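2 protein chains.
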Amino acid sequence: MAWLRYLSKLTNKKTSHRPKITDPFLLLPPFNFLSHFSSNTNVAKPFTNHTNSGSGLEPTKPNEKPRVVVLGSGWAGCRFMKGLDTNIYDIVCVSPRNHMVFTPLLASTCVGTLEFRSVAEPIGRIQPAISREPGSYFFLANCIGIDAHKHMVQCETITDEVQTIDPWRFTVSYDKLVIALGSQPSTFGIQGVKEHASFLREVHHAQEIRRKLLLNLMLSDVPGISVEEKKRLLHCVVVGGGPTGVEFSGELSDFIMKDVRLRYTHVKDYIRVTLIEANEILSSFDDRLRRYATKQLTKSGVRLVRGIVKDVKAQKIILDDGTEVPYGLLVWSTGVGPSPFIQSLDLPKAPGGRIGVDEWLRVPSVQDVFSIGDCSGFLESTGRQTLPALAQVAERQGKYLAQVLNKIGKTGAGYANSEKEVEFGEPFVYKHLGSMATIGRYKALVDLRQNKEGKGLALAGFFSFFIWRSAYITRVVSWRNRFYVFINWVTTLVFGRDISRL
Amino acid sequence: MAWLRYLSKLTNKKTSHRPKITDPFLLLPPFNFLSHFSSNTNVAKPFTNHTNSGSGLEPTKPNEKPRVVVLGSGWAGCRFMKGLDTNIYDIVCVSPRNHMVFTPLLASTCVGTLEFRSVAEPIGRIQPAISREPGSYFFLANCIGIDAHKHMVQCETITDEVQTIDPWRFTVSYDKLVIALGSQPSTFGIQGVKEHASFLREVHHAQEIRRKLLLNLMLSDVPGISVEEKKRLLHCVVVGGGPTGVEFSGELSDFIMKDVRLRYTHVKDYIRVTLIEANEILSSFDDRLRRYATKQLTKSGVRLVRGIVKDVKAQKIILDDGTEVPYGLLVWSTGVGPSPFIQSLDLPKAPGGRIGVDEWLRVPSVQDVFSIGDCSGFLESTGRQTLPALAQVAERQGKYLAQVLNKIGKTGAGYANSEKEVEFGEPFVYKHLGSMATIGRYKALVDLRQNKEGKGLALAGFFSFFIWRSAYITRVVSWRNRFYVFINWVTTLVFGRDISRL
Chain A
3 MAWLRYLSKL TNKKTSHRPK ITDPFLLLPP FNFLSHFSSN TNVAKPFTNH TNSGSGLEPT
63 KPNEKPRVVV LGSGWAGCRF MKGLDTNIYD IVCVSPRNHM VFTPLLASTC VGTLEFRSVA
123 EPIGRIQPAI SREPGSYFFL ANCIGIDAHK HMVQCETITD EVQTIDPWRF TVSYDKLVIA
183 LGSQPSTFGI QGVKEHASFL REVHHAQEIR RKLLLNLMLS DVPGISVEEK KRLLHCVVVG
243 GGPTGVEFSG ELSDFIMKDV RLRYTHVKDY IRVTLIEANE ILSSFDDRLR RYATKQLTKS
303 GVRLVRGIVK DVKAQKIILD DGTEVPYGLL VWSTGVGPSP FIQSLDLPKA PGGRIGVDEW
363 LRVPSVQDVF SIGDCSGFLE STGRQTLPAL AQVAERQGKY LAQVLNKIGK TGAGYANSEK
423 EVEFGEPFVY KHLGSMATIG RYKALVDLRQ NKEGKGLALA GFFSFFIWRS AYITRVVSWR
483 NRFYVFINWV TTLVFGRDIS RL
Chain B
3 MAWLRYLSKL TNKKTSHRPK ITDPFLLLPP FNFLSHFSSN TNVAKPFTNH TNSGSGLEPT
63 KPNEKPRVVV LGSGWAGCRF MKGLDTNIYD IVCVSPRNHM VFTPLLASTC VGTLEFRSVA
123 EPIGRIQPAI SREPGSYFFL ANCIGIDAHK HMVQCETITD EVQTIDPWRF TVSYDKLVIA
183 LGSQPSTFGI QGVKEHASFL REVHHAQEIR RKLLLNLMLS DVPGISVEEK KRLLHCVVVG
243 GGPTGVEFSG ELSDFIMKDV RLRYTHVKDY IRVTLIEANE ILSSFDDRLR RYATKQLTKS
303 GVRLVRGIVK DVKAQKIILD DGTEVPYGLL VWSTGVGPSP FIQSLDLPKA PGGRIGVDEW
363 LRVPSVQDVF SIGDCSGFLE STGRQTLPAL AQVAERQGKY LAQVLNKIGK TGAGYANSEK
423 EVEFGEPFVY KHLGSMATIG RYKALVDLRQ NKEGKGLALA GFFSFFIWRS AYITRVVSWR
483 NRFYVFINWV TTLVFGRDIS RL
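Protein chains in written order, with the numbering used here: chain A, 3 to 504; chain B, 3 to 504.
Note that these hints are calculated values from the structure, not bench results.
None of the values given here were measured: they were computed from a predicted structure.
One or more hints might be untrue.
Identical chains share a label here; the pair holds if one copy fits it or two copies do between them.
Said to hold, decoys possible - Distance condition first, Cα-Cα at most 35 Å in a straight line; then the derived DSBU-like pairs of lysine-lysine:
| no. | residue 1 | residue 2 |
| --- | --- | --- |
| 1 | K401 | K260 |
| 2 | K67 | K409 |
| 3 | K260 | K63 |
| 4 | K457 | K318 |
| 5 | K351 | K318 |
| 6 | K412 | K315 |
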């Protein structure tokens with residue numbers, strides 16, 4: 003039968019073009035872990051015996067390019083990969099998602115101002131070598147252990163509950179390791195946050211928020227739902243008054259004022275947005291801009307409440323003064339901290355539990371390990387302050403480290419344990435370029451000063467919004483997405499936001 | 003506190019603008035059904051006591067417009083709603099999805115040629131009255147029972163496992179009822195199809211296929227995966243050689259030849275598409291076109307296998323001759339049949355278990371009930387053949403029925419039990435406009451003859467592909483989606499297909 007001939011033909015075919023993968027497990031059954039692992043809940047695991055036997059990518063040989071392994075695909079990791087010279091290095095990226103999220107525009111996708119795909123850049127578009135070079139790879143997996151002495155990491159594939167194959171462990175040897183695993187939302191130990199609140203850091207978070215919002219809009223219109231229940235369902239509560247919380251509140255109020263009024267006329271009078279913040283909103287901006295933001299948000303119908311969340315239940319949150327706030331949608335954006343995996347790593351630590359690095363972003367006490375982005379911070383011994391968990395910090399670090407590794411790679415010191423005599427050059431210095439935040443209704447804040455007391459441009463209003471959009475559209479990585487962000491903005495203006503619940 | 007003032011203010015506010023909803027359940031706890039109901043598994047349920055008490059939309063009063071209730075939001079239901087005169091009628095649509103799927107373009111979304119949202123039209127865009135008129139509604143719910151004698155339907159909200167509110171039952175009284183609930187994929191009682199295969203009828207099916215395909219492409223690249231396993235993971239099997247199966251196979255081979263070769267170079271030689279069909283592929287087209295399609299598909303690397311599937315396991319299917327076919331992705335498109343809910347309805351039936359209708363698409367033996375689209379068929383007594391389950395049949399029936407109801411509505415016979423003396427006019431006559439199918443590589447078949455023996459245009463090749471695209475882009479309902487389909491086609495040509503796994 004043709005089918006069988008095909009199978010046997012394929013089986014006999016030599017597949018010699020991937021010489022570096024060893025297959026000692028070919029005949030072993032795969033691991034039988036059916037649960038879904040995410041990097042947020044993982045802690046570093048001791049290397050198990052069978053993985054020490056070498057299934058995976060072996061150490062590079064002298065006739066091969068040195069291999070840089072990058073853990074993570076956020077701002078830091080992707081900017082690093084983009085900058086790395088692939089004539090010198092092979093790149094292996096290990097991450098549970100195959101794209102980078104353009105986070106400053108993520109809030110816009112929750113209500114349909116932008117399409118989800120417009121803010122996601124596949125890693126292969128950022129660094130094409132990863133999908134083309136025979137020695138470069140992208141692995142859809144979580145890193146579950148680092149053995150810095152053996153120069154290898156242990157990984158486990160994610161299977162995302164689609165049971166086409168069981169989770170699979172493998173190791174990857176590296177010449178240089180770049181840990182860029184980011185951070186996770188802080189819940190401050192408050193009960194119920196993880197179970198009931200939505201975060202806003204990944205595309206699937208934005209998708210979840212959108213689905214919940216549209217579901218609540220439709221369910222609140224059903225006969226027999228009490229007025230009280232309608233109000234609860236349509237009460238959107240945002241906890242955390244940083245740029246993410248404020249931008250999301252602004253987008254939400256735009257959606258309500260333009261699209262809900264037009265397309266959910268039956269329930270439009272019941273929908274409300276409340277922003278809860280323990281201190282000041284947008285504390286990184288100066289008083290004048292903050293007052294402007296407060297005024298504009300209030301005008302748009304966003305209720306600003308000062309309070310501390312004590313407890314989160316399925317349909318209400320409880321503040322520390324005992325007030326109960328019923329909600330239909332709860333978005334949590336109170337800042338970030340290191341993940342349990344980062345905390346559990348046996349590496350030097352910076353204050354706050356991040357991986358500690360020196361001025362050149364190296365992790366001391368181990369060879370060839372670097373850490374960039376939200377998961378790392380300067381060691382106390384450097385005398386430097388920990389930098390804020392911002393995209394621009396992560397991006398600058400990625401760019402810097404790529405330049406450093408390119409430089410030492412050119413001297414032939416790209417291989418493991420070979421950089422001892424190499425000059426690393428200038429240490430990393432962060433220069434803050436300023437902050438921006440939209441607040442809805444075509445208004446934004448732009449503060450281009452290095453700090454609140456510094457000199458420079460600090461604007462609020464429509465012109466700032468224009469600067470905000472112009473700045474971000476030029477920052478979008480690929481021409482494809484730049485085109486789509488523009489097209490999405492135009493169609494939102496012309497046709498309104500789409501309300502299909504897909 | 004401001005928060006409490008807000009709550010009490012809202013509670014005191016009169017909400018008198020929705021006079022038709024009665025709320026006898028305001029103080030009752032909601033129903034405690036936590037399981038997720040879908041229309042596919044529902045069967046009609048007897049009306050329970052409490053819903054007889056009248057929670058929901060009561061019968062219309064003489065000073066109100068008559069109410070047409072539409073069950074379903076597919077081609078038939080949506081075309082009907084679009085055509086209905088909302089100056090005469092109020093419309094209530096009950097459906098578990100708030101959009102219509104432009105099914106002929108759905109296969110293109112699985113591989114990213116088109117974006118999912120480009121093929122989904124929100125019902126409010128098709129019939130704006132549904133979101134604006136005070137007496138018209140869209141309810142995100144499944145119909146779980148029809149009481150044709152009392153002129154009411156019973157519904158239950160879907161909650162989609164987002165537990166913001168428990169499923170909720172309510173009734174809707176109608177003056178006219180239009181059952182347009184569509185069909186469901188036929189599995190012919192084969193074990194394992196529902197568990198392991200993906201269908202291709204809804205946007206979430208296409209999303210699932212895309213996620214699986216990209217997952218398999220990435221997992222197959224992981225070190226330690228055997229060659230055999232790689233081949234299995236990257237073996238895409240399509241069962242059913244109708245237009246859907248062929249178009250999906252064509253799209254898949256385009257994706258492989260253009261995008262996988264470029265972006266998954268490590269595994270590009272392992273990916274295969276097999277199309278399994280028990281008889282001829284594209285049996286509705288004539289021999290010449292079919293031969294052309296077979297040749298083109300084979301050229302594109304699609305393996306055509308004639309066989310009957312006997313059993314479906316998690317990672318392989320078994321054909322009736324005992325051949326085992328391992329797969330990583332299995333798409334099932336072997337035709338459709340009536341859902342258990344349709345079968346369980348106590349209404350006259352047409353051959354095959356569909357709801358039986360007369361020449362005017364009325365369900366005899368009950369007053370004011372009509373049925374259109376895949377869920378209905380002509381009664382044997384009409385002497386007419388059951389029409390094929392095609393979008394164009396459903397659409398033409400929707401259009402016809404809207405005209406009929408508009409006509410009788412103008413004579414004042416739109417209310418319940420008032421049409422006895424009304425002339426319905428010409429019966430429904432279906433005229434087949436022809437068939438089209440893409441087969442990949444910018445090739446398509448176009449057969450504009452009424453039947454295989456008739457006269458007219460029957461073409462295959464690039465010009466047909468041009469006709470195919472031109473025809474469908476003009477059929478897309480809204481200007482927004484027409485624009486996006488065009489833009490998607492252009493960017494696919496320029497930038498290739500997006501491979502972010504969102």
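| request: Sort out which numbered hints this structure fails and list those numbers smallest first. | output: Numbers 4, 5 and 6 - these are the hints that the structure violates, sorted from lowest upward.
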